[in-house]
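Trainee: So you can see what is in the structure, the chains are spelled out below.
4 protein chains.
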Amino acid sequence: MTKTKVAILGGSGYTAVELVKLLLRHPHAEIVAVSSRQEEHLADLHPALLGRIDLRCKPFDAAALKELGVEVAFGCLPHGTSMETIPPLLAAGIRVIDLSADYRIRDARVYEQWYKEVHHDAANLSHAVYGLPEVYGARIGGAKLIANPGCYPQTAILGLAPLAANKLIELSGIVIDSKSGVSGAGRTPKLTTHFPECNESVSAYSVGNHRHTPEIEQALSDIAGAPVSVIFTPHLMPMDRGILSTIYATPTRAVTEAELVELYRGYFADKPFVRVRTSPPATKDTAHTNFLDVCVKVVRGKVLVLAAEDNLIRGASGVAVQNFNRMFGYDERTGLL
Amino acid sequence: MTKTKVAILGGSGYTAVELVKLLLRHPHAEIVAVSSRQEEHLADLHPALLGRIDLRCKPFDAAALKELGVEVAFGCLPHGTSMETIPPLLAAGIRVIDLSADYRIRDARVYEQWYKEVHHDAANLSHAVYGLPEVYGARIGGAKLIANPGCYPQTAILGLAPLAANKLIELSGIVIDSKSGVSGAGRTPKLTTHFPECNESVSAYSVGNHRHTPEIEQALSDIAGAPVSVIFTPHLMPMDRGILSTIYATPTRAVTEAELVELYRGYFADKPFVRVRTSPPATKDTAHTNFLDVCVKVVRGKVLVLAAEDNLIRGASGVAVQNFNRMFGYDERTGLL
Amino acid sequence: MTKTKVAILGGSGYTAVELVKLLLRHPHAEIVAVSSRQEEHLADLHPALLGRIDLRCKPFDAAALKELGVEVAFGCLPHGTSMETIPPLLAAGIRVIDLSADYRIRDARVYEQWYKEVHHDAANLSHAVYGLPEVYGARIGGAKLIANPGCYPQTAILGLAPLAANKLIELSGIVIDSKSGVSGAGRTPKLTTHFPECNESVSAYSVGNHRHTPEIEQALSDIAGAPVSVIFTPHLMPMDRGILSTIYATPTRAVTEAELVELYRGYFADKPFVRVRTSPPATKDTAHTNFLDVCVKVVRGKVLVLAAEDNLIRGASGVAVQNFNRMFGYDERTGLL
Amino acid sequence: MTKTKVAILGGSGYTAVELVKLLLRHPHAEIVAVSSRQEEHLADLHPALLGRIDLRCKPFDAAALKELGVEVAFGCLPHGTSMETIPPLLAAGIRVIDLSADYRIRDARVYEQWYKEVHHDAANLSHAVYGLPEVYGARIGGAKLIANPGCYPQTAILGLAPLAANKLIELSGIVIDSKSGVSGAGRTPKLTTHFPECNESVSAYSVGNHRHTPEIEQALSDIAGAPVSVIFTPHLMPMDRGILSTIYATPTRAVTEAELVELYRGYFADKPFVRVRTSPPATKDTAHTNFLDVCVKVVRGKVLVLAAEDNLIRGASGVAVQNFNRMFGYDERTGLL
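Chains as they are written, first to last, in this note's numbering: chain U, 218 to 554; chain F, 218 to 554; chain Z, 218 to 554; chain D, 218 to 554.
There could be a bad hint or two in this list.
If chains are identical, the list can't say which one is meant, so a pair holds when it fits in one copy or spans any two.
[Claimed, not checked] Under the rule of at most 30 Å between Cα atoms (straight-line distance), these lysine-lysine pairs were calculated in the DSS-like manner:
| no. | residue 1 | residue 2 |
| --- | --- | --- |
| 1 | K514 | K407 |
| 2 | K519 | K333 |
| 3 | K283 | K220 |
| 4 | K275 | K407 |
| 5 | K384 | K519 |
It is worth saying that the hints were derived from the structure and are not from the lab.
Treat the numbers as computed from the prediction; the structure is a model and nothing was measured.
All chains should be modelled from the sequences, with the hints used to inform the complete structure.
Mentor: In structure tokens, the structure reads:
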């Protein structure tokens, strides 16, 4: 059986451990290296991996990865660090699926405005492909560098894609009210994610300035063929994982719910990981899977879309494997069902 | 010290137990009777009350309550049942603070449309006062029958009141995206509130048809002096208590955040239980208190309001005590700080 | 590739949905039928299964299952019901892995004493094999009827097996203090498992009379070759899944921790699903896996064992698949890693 | 009305905020100062206090506190820091209720052995009174320095006191299996208390070496009049607050449950904050109160005690106020019901 040798960059966080679990179950992937500044055994960083993988993290070294026969690297590094780490890999002929935000925004000035960092890698930014398979699928197979999409954006983009593609909604003033589990904030302890602070509580954060805003707008503008602007408000929920986005848009003409359900079913007919439903999805229905559940309603003249996913799988590591499958010619669903 | 004798109708649920705790701490209240079909000791229904109150629930009997000297009854019965139970109390001269929805909607036809029940008590409906002290305060002191406000509506009404009163927002298409803890669903076990179903999950429910919609619109229309219509979407959060409403409105003219903060501070200046903040409130900041925290922002030309409360205290039993204080001439804050 | 046709009896609960997920991923299993009194599509009972399996539940019918070519049925029915349902299957030549307690206790009188029900199927009880592969593995391959082990018992039995087998501990007065997530209580809504009752709370239940007690004692007595008696106290934890048992035993001679760790490593050397650790396991380390993590300590002259598992996978559906693998000649780990 | 002026040392943690809430409601306490290295407004450190107290934290200064008329200081500082801070207060004639562990262990060598720090304040250690009112009540009224008891120890000591006092149990080998909410670990973010690490998980920690062990043994030895030794295992639960201790002891003679319940009722007859129950307590029954619920059972010849409390109120700030009441001649229950 064909095996593609893969490496993971940045082994200490939540997306890395989910990637390891998915890839261990994947018939065509072989994890040959994991990099981290914490030079420890993976199972010491993540006790859940005890007895499942026998790898010690090593400092990042592009040449060493090349020598090991690595064909693709999954980048689980923070933004800013990614764009320092990835160029030598690409130069060595190793393809990259980057889970950070560094190559998602095509316009470096927009990146700098929202991320407050200068972009250092315009060369690779120019050919990076935004790795949302349901929208940019045709370009993923041949990509050298995939900018794996953000967790929130996927719910917003896929939730609105059929409407935007068909010009059924007004393209400005779209309200995206998103609710996320705490793992979305990463694994570094902070007061806001300290258990007794965020348990039994709900709150909004980054109101009006969350960095996923331009990513959502860029993809929706591509789909609509015209500029889209959104009001995006993320909220922290007292749970480990899961995102629910509740989206409010104004239709450009009178629409019925039945018509919209039909439209969504058609749009996602050949997209195995999007499930169009008529009942409101609970994030739990998608937990630990690569499915994104979407439900469209008409309420008092507004279109209301509910989109749910597991933020670590569909929102990060699962869609990364979906991209891996497309890049290496495996069935898109391999290792993900 | 003056003591007002009170009764609680329907002792088995969450609003009743919270009322008992608040009233036990109230210097001017004496709980003399609790009614319930479950004729058990209160501490058997609610082990938290062990050693704190020595009362056995008895079947409802208006005459017996009158004989005990009850001056006011707190109704913790389901809607539908309330309007059967309350008329004899009022007839006996006992004032009532009804925590159900039965007397909240002034127009019986609107009640019937949303609650799918015929209203049987038009006589008392005509003089019931909607017990939101910050808006209807002037009428509460003299009321015989208070329709205690719903949990969600208070966040929406108080969150929008300064804007509606000053005609600063468009009155239709207001989006109210609310997140509630599970105690809001009551104490009767159901699959949707079974722990392994709703824990670690977020979902919307009653999309487009939640019964608090007309209550929100009635009060906001009063405040604005013109019809208001909202898109209200409640969500279930995996936590015991707390509501956060995220509200999106379109200003009728250009506004600045500073101006709106000023407006809110002025509007709530003499309202001791509304805290105007400039940082987004977490529901936990209001947990177990009668405070409602509100924060107003301007985001990309929209006005965004965040309003948080404890759904059982501010959203039900605490505001009921606040109404009790106003009805019997005690300082509004008594027993609530 | 060989496929074994399987059926699931009782499709509405948590063990059934976990079984479906595991078996869908199993290369040698094909789910051909699911029985339930609720004649609905599986994905309507469990929205998580949407798009993953296209089966409608039907009433139980042994002959129909035989006709479909079913070779083995997984019983997810309540105790009492199981012993009514299973005899016709066995009579039709269909092997059974029963997840209920009906065939776990060899002595029908002991069953009746703890379960307060008369046992109706002595014939099959006599040949049922207790399906704990790490202890009774040799008999599982040829079994017609597997009594799949209880969730709590596995942590207690495997946690103590090396000590009991080597007569290193006193066999009476062993304290087993177990903590379980709420899914262990099943899917039927009750006040004790209503979210606002059990969330943010910990409590013991069935103190001194939990039905898993005789099951634990039977297996440990087998292992020790002498009667074992335990004090078993289960506790409900505010989480979905996971069991941690903290076990206190008195050594029969002076022992060192190093010696016991060595003993455990040897005992479980060829048991792929038991992970011997030197750090205390968190239930989360085993979540959604078939691993049982065990850690042995010596504290002030007592032996202390910590054993953690996922109550729905290792504690029920996962070990059932492990038994399935052994019964049909597949590698024990198939579909479980 | 008499008001005692109080100060709080170390305002940033959870015990401080709970103390503030309790003292604000106390008719005879006036908070005149809060010290902290974080020189911020209290409501900025704890948004829940917004609008409830208008105090800015200042660096610790014993002379300044004296000048403000402070009669008693509540110490909410970490152990080690406490014994540096408290001597000047006592020297200035300010009484102290210290919530740290520094003055709990009478023997400085035992302190050093468990806390790995040298004790610097033997002088004050010699007269400190262990502030568990139900056991050391007679000495509290006149104390200059109260060593407020630990959270876990109170459940163990009060849970076993009637048995130890009456020599009904063997004094060594007592098993205390305790389960605590995460707030017990304090407010400093750490990986172990990071939400996605400890949520949905249960684990033991500090197995065999938790610092509350000598505190439990010291008090129980006092009560028994003979040395007591325990096996104490704390566990972290995915909840904010609450401790349940499940205690296993061996009776020295045959006992009945009825007899023990009688014994417990008698022992705690005049102790208003200990509730003797016959049903197993849930931590939630005691949440946000100063009650400690205790239930005694006989299981297969062992005595089993279940003791529940709120770790922040009864386990820290509530019992501190109870001690304050006794020290200043107020009814023990003032401000705590």
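Trainee: Determine for every hint whether it applies to the structure shown.
Mentor: Right, here's what the structure says about each hint:
In the homo-oligomer, the alpha carbons of K514 and K407 lie at most 30 Å apart only across protomers (25 Å), although the nearest pairing inside one protomer, at 38 Å, exceeds that limit. In the homo-oligomer, the alpha carbons of K519 and K333 lie at most 30 Å apart only across protomers (24 Å), although the nearest pairing inside one protomer, at 35 Å, exceeds that limit. In this homomeric assembly, K283 and K220 come within 30 Å of each other (Cα to Cα) only inside a single copy, at 16 Å, whereas the closest approach across copies is 40 Å. For the identical chains of this complex, K275 and K407 are neighbours both inside a copy (26 Å) and across copies (24 Å), given an alpha-carbon limit of 30 Å.
For the identical chains of this complex, K384 and K519 are neighbours both inside a copy (15 Å) and across copies (22 Å), given an alpha-carbon limit of 30 Å.
In summary, this structure violates none of the numbered hints.
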